[in-house]
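Keeping their order, the protein sequence lines are chains W and A.
Take 1 as the starting number for the first sequence in the numbering used here and just add one per residue.
Take 311 as the starting number for the second sequence in the numbering used here and just add one per residue.
Simulated from the structure, these hints should not be mistaken for laboratory data.
Where a beta carbon is used, it is the ideal one built from N, C-alpha and C, also for glycine.
Hints may contain errors.
Stated by the list, open to error - Sample of chain W residues at the chain A side, in silico, Cβ under 7 Å: (1) N283; (2) V293; (3) V295.
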Amino acid sequence: MGGPFEAPHLNWWEVLVQQTINGLTRGAVFALIAMGYTMVYGIIELINFAHGDVFMLGLFISLFWFTMLGVTKTLSIAGLVTLLPLVFVLTMLTTAALNVAIDRVAYRPLRRSLSFMLENVALLWKGPAPIAYPDVFPSVDILREWFGVDSAIFVTTKDVLVIAATIPLMIALHYFVTRTRWGKAMRATAQDRETAQAMGIDVERTILVTFFVGGALAGAAGLIQGMYYNIGMWWMGYQAGLRAFTAAVLGGIGSMGGAALGGLVIGFLSAWSDQYISARWTNAIVFSILILVLVFRPHGLLGERAVDKA
Amino acid sequence: MKRALGPAALVVALLLYPFLDRALGFQTVHAVSDGMIYVLLALGLNIVVGYAGLLDLGYAAFFAIGAYAMALLNSPVLGSPLYGHAWSFWLCIWIAAAVSALLGVAIGAPTLRVRGDYLAIITLGFGEIIPVAIRNLGDITIDIGGFRLVERLNLTGGENGVNPVGRPYLPGVPFETDPMPWYFLILVIGAASLWAMNRLRDSRLGRAWMAIREDETAADCTGVNPVSTKLLAFALGASFSGFAGSVYAAKLTAITPGAFEFQVSIMLLCMVVLGGAGSLRGVILGGMLITIFDRIVLSQSTSLVRWLGRTAGVPLLASMDLTLWRWFFFGLGLVLVMLLRPQGLAGRRRGATALAPAEVEPVAAEPSAPPRVEAIPEWLRERAVSPSAGPILEVRGLTKRFGGVVALNEVDLVVPRGAIIGLIGPNGAGKTTFFNAVTGLVRADGGRVVFEGASLVGLRPNAIVARGIARTFQSIRLFPEMTVLENVLVGEHCRLRATVYGAVRRPPSVRAEERRARERGRALLAFVGLGGKEDDRARNLPYGDQRRLEIARALATEPRLLLLDEPTAGMNPRETETLTDLIGLLRRELALSVLLIEHDMEVVMRISDRITVLDYGTRIAEGTPAEIQRHPRVIEAYLGTGYEQELAARDVPR
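So here's chain W without its partners, still in its complex pose:
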């Protein structure tokens, strides 16, 4: 995901601001995927290793929908208002259904095996080479072209898109989890499945809804990723999934806010590490920090301490 930002004409604070913006957009995508991980884990205590690949397929599926709708080039304003939301909805529905299907097909057995199967599906579907994702979203240098500021820092409409798409999704998710009937059922099931069942909650349905919502978020993340980077690879699910899962654990697995925070932290860390240390070491650094956090705060940044009852 992009090498170090090479721009000799930037001074030190411009570099920092630029990398922080990069980190923000990266982190926003991680956060979306991380929320899917954390939701599934919270409710059935299971690391859904297939989740990163649902994200990867989300990218390919969104491309499929764009192609079906005849979009191959940058969209006009009218297209942005009509087609883009449509593709969002279609992609999210598809990946949500996919995630539910995964849950149904391989509910009890190890889930990580499924991730490899999904990677193979993508490999077969699009071939082993990276595929180009059409530049559907217009890229405009906002500071320069809209505000006329002659700045060395790039803030494009794409950066805005990432933020503008993720924040409403997060708010919607928060609302869903805290305010709706299904959200309440999810939280109850996460705390104590048997009691929830005794209170008349349909636990199986609730798990299904959890997978549905998590899959939808992964799909949205895949679409955003595709539009932002204009490239997709069948193996990217593993890398992104790993970072997103790291984010979920860092924030405290099971906690929605933690997943969002963890995603942003990982985003910033990886962007800064790319710039100031070396992109080659970024993975090692991200994981070292994860290990340090877990050693000193075994339940993550915002996670609740599980009490072992004697």
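Fit chain A to the supplied structure of chain W, relying on the hints for placement.
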């Protein structure tokens, strides 16, 4: 005689196989040898995952360390700080195992506070860090403020890896040209490892691993030190990968960082899970199946499919490469196995019912015989110390807060030597928290706990067990998948001395110790009325038997003070009677001091010498049973106003 036939045939087959292969011209020895290396790795992983129950997603890191230790020390051209002074393979293989074991401890140490899935993530993190480090340490330049500390130092060969790596040297053995010596070398290493693992599993350490896997808290409270036990699992598991890694490097004569990616860890995990975690035979089976499938079946069927495609004129089939689909098949196979045989191909079948043990049978099937004085094991009698002066346990001002809730508020409690003290109070009064604070499960916020004149504050649960305090749990916490006898043997853990070396070598002293431990365990089980059930799985026992097994396990730690948390809960009157007699007998005959949480007032009033009453974490009364029954605050808070009348109606002195 018949039982020895199978293994003997296997040994002959393994010895003859390479010659047969050569005679028939199959040329599969190479692939099979590689497969055996992966099997060895899977066996090492099995110690961590199967025995100790610690999910390790980064085991390939140890493999990498073993391989690189060998490569760097043994490569004649490059890499190590030794620059061309290659060391002998036979020396390096031990160094590689030692380095891997050290790394195992280094990785294990920070993860000790972390449980379950968090642990898995940390191992995954290490599994990612190690290959990244190996890749990048091929070209190190450290530049601090324009001052070059290190310039372009090549430590690991970077992306290109190390090439060539020296081969082992034995006079007259053609390691350079012939795959057969490799086969036998790996066979010998594998057989030796298997022998060692088999002995480890049936040792004091092996039982401790399984106890940790089954229930870490209960193991800790039974005298197993989770820290050293887990570290040993990591270290020993890693050392086998050190052997495997070094043989791998020398056999291939070249290694690259790509051979140690996450996928390798997952494949090894698949082998363990596919065959059945914890079963040596299963892991070997799983490992062999996966490697043979990967190395032989996939490539052979690719040629077959291509040939079919060419003859039938289907271009899609003619250009098919099934090896690209390897993970698809692994995934499919694993999902299928998990659906059909969740315990793995050769894993032990779990109990037929999926019910929780408590639900299997709420009460004991047969009424248990009352405990007899003659049945007290002789060795327990020998341990009994004659009551001397001074209380055995003295608790002063014990305080514990959970957030804003004060669970224990300056509680005082004294257990005189050889006394039975009852601890009663309404639900949530802090009784179990009191137990947890005394046994070290929770850290008290204030107060003193003095056992036989020495403070227990700050000690870990297993250290407190070693001092002579044993406990049972309100909700029974046995090691469900272990046998009844093994449960008791875990109790004896802290009184046994066998080391890792002793467990593998089994010198006469260790054999004698193990034999004695088993005899004691059987005697103890006979005493509590579980004779003849030694080899049953603990989870399959009826409820009352589980309670008694938990007490037997506690007694096996040779305690001088026994903490019983609601021992008669869920028992029928007859069982309660037997258990009450047992407690009285232990005190009378063995001078064992007992601290008892109990809701059955008849039991408490009958056997307690004195009773302490807690309410909202505060001690509201202390006295003899008769005093407590008439204590106005106790009646108000706990017994209820009806209790006095009920008591009168039942005609108290029974």
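We went through each hint and held it up to the structure:
Hint status for N283 (chain W) relative to chain A: holds, with the closest Cβ pair at about 5 Å, below 7 Å. Nearest Cβ of chain A to the Cβ of V293 (chain W): about 10 Å, over the 7 Å cut. The hint is violated. Checking V295 (chain W) against chain A: minimum C-beta separation of about 4 Å stays under 7 Å; hint holds.
This entry does not satisfy hint 2, going by the numbered hints stated previously; all others are met.
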